[in-house]
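Spelled out from the first residue to the last, the chains are:
Protein chains: 2
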Amino acid sequence: MIVSSLGHLIIEGYGVSLRKKRGRLLVVSSEGKWEFAFKNLREIIITGKASISTDLLKALAFNGVDLIVTTYTGTPLVRLVPARAGGTVRNRVEQYKCLEDGRGCIIARDLIVGKGRNQASNLRYYSKARSSPSESRELYEKASMIKELVEKLKNYEPHGDLRVCREEIMAYEAQIANIYWDAMKIVYGEYGFRERLKKPDIRESAEMDIVNLSLNIGYNLLAGSLWKYVLRFGLDPFMGFLHAERPGRLSLVYDLIEPYRPILDRFIASLLRTNTLKQGLEPKKLAVILREKYYKDFLNYKLKYRGRKYRLETIMFLYVEDLVSFLIGRKSHVSTPYIAW
Amino acid sequence: MIVSSLGHLIIEGYGVSLRKKRGRLLVVSSEGKWEFAFKNLREIIITGKASISTDLLKALAFNGVDLIVTTYTGTPLVRLVPARAGGTVRNRVEQYKCLEDGRGCIIARDLIVGKGRNQASNLRYYSKARSSPSESRELYEKASMIKELVEKLKNYEPHGDLRVCREEIMAYEAQIANIYWDAMKIVYGEYGFRERLKKPDIRESAEMDIVNLSLNIGYNLLAGSLWKYVLRFGLDPFMGFLHAERPGRLSLVYDLIEPYRPILDRFIASLLRTNTLKQGLEPKKLAVILREKYYKDFLNYKLKYRGRKYRLETIMFLYVEDLVSFLIGRKSHVSTPYIAW
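Chains A and B, in that order, give the protein sequences. Residue numbers for the first sequence follow this note's numbering, so the first one is 2 and each next one is one higher. Residue numbers for the second sequence follow this note's numbering, so the first one is 2 and each next one is one higher.
Fair warning: there could be bad hints in the mix.
No copy is singled out in the list; a pair is fine if it fits within one copy or between any two copies.
Derived DSS-like pairs (lysine-lysine); straight-line CA-CA distance at most 25 Å [what the hints assert, rightly or not]:
(1) K22 to K285
(2) K148 to K285
(3) K50 to K98
(4) K50 to K21
No lab work stands behind these hints: they were computed from the structure. Note that the structure is predicted; figures quoted are calculated from it, not measured.
Please build the complete structure, drawing on both the sequences and the hints.
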């Protein structure tokens, strides 16, 4: 069991029991007993095997504490939804309108600009730190190539047909990704990274593919975090701007994690460097370590956002709020977080 | 514990444990053990105190079995939502469009026409059965008054401004309701019914207000049933046509139960007549009896719908499907179920 300072409680392992006792959460496992006040909790993430009382479910709903059940790699499976959650229709209505009136194209563009900026920032960061001059130069050059593409994309004129717009923006995204992952081979190469794979075969080549496995687990964790805020602001997680709709795909969530992916990439690189993630680790153990680091460290990272320093989790909240401000016409663009090099 | 032939499992009482065992649901309580195949289950309704394993939550999500936690009067509190549920954006988008393009007005009108028709039908039904000629005549006359209003409402020309439209339709609804509840005093009067109250004081006057209490519990159960289909068809439960939006109100669900309310009214009257609901019953016990009767009998009632006889629960499904057909332009109106007199 892990509790982060931000109120994330992660339940792992077997035979854990969660119930309500005297207005508090009581967790009982073979390792001991713990009690938590609901006001100190924000989210309970269950990746292990546990049992939950219905009294607790009601108390969580009443106190606005989220509960999510995930696979061990963090893929969200089930969420507890209080009957009243998602009651603000206005944001969803505006979200839908943006899909049709050209504003969806601005959002899609801003997200990929934000992602590309952070990808370029990563390459510069590693360029500076690299001892080999040729590697350092290659990283720097590729960062510049990405920066150029980002500048071009910034000036991309949004237009009304989101389908066309999406394709054009995704073409930029793909170009940038090719350059970026090619350069990241220098950074991740010593851990066996050859190419970016969305579905590394975890059964046979776990040892050699620790990088892809870690990235995929990390992106799942990002999706879980942003999904929460998407629901909290009453947005429709299935209506995406960048990612076309496909039954069952949380398109908006996958849109919104784009600028965060490079931040996660850097986090994974630092964990690999300090040997926190070791080759030969079992995938399940890798997921446990990553999850702990994600909730304890990653979400606690301080970054500048809209002129002030905040923890990354606060930024995620402000960022979805920012999107809503755009949707309801209070802002002309969506601010994405920037990770400095 | 109650299991209906339609696959509703209702968990009441204390200390019930629900878990997965060999690919089946295992229910353990002080009264015994039961096993169910997931394919025979449609919905688990927990009104008592139980504990649920996360393995079971995952299996329910995977097998498409709904889980809902309610208060003892049936008010839905928490619902289990699989990550992939609600993935069909199209229906929601059309639902939203109907709010703005005048079609929402047609839906609102059809729902109140359907409700009024069933209210008039109830009064005729009781008029026929009444032994007192003056009561019988009064019921018959009030049924005719309602019928007239329904005919006028049928010819109501829908127009684009839903706010105005809604007010005009709700004015018909209120007029009909006044006539109807005034007449229903004849039917319900012997059980202490004086006027329709949405919030009868259950602490002090439970004995004298068994009718209002029963009606409210019954309408909650209706809301729970239709909420399920609203979510299953990917509609937004908060975006209503008839009921204006209010944070946290399941407006669409409350729209859709309108034509079903009179069917429930007749059901409650029959339960009162056969002494199934007795004055002096504790509210909690009343809720237990009603819930059992609702899932075992009410949802099993056969009614004609769109030319064929179906069980009421099947009708609820077909009816939401019918609404979707209207939303996507395959039908020109929404068919509501008619309860014959």
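Next item on the list: Find the hints from earlier in the document that the structure breaks and name them by number, from lowest to highest.
Entry: 2 and 3
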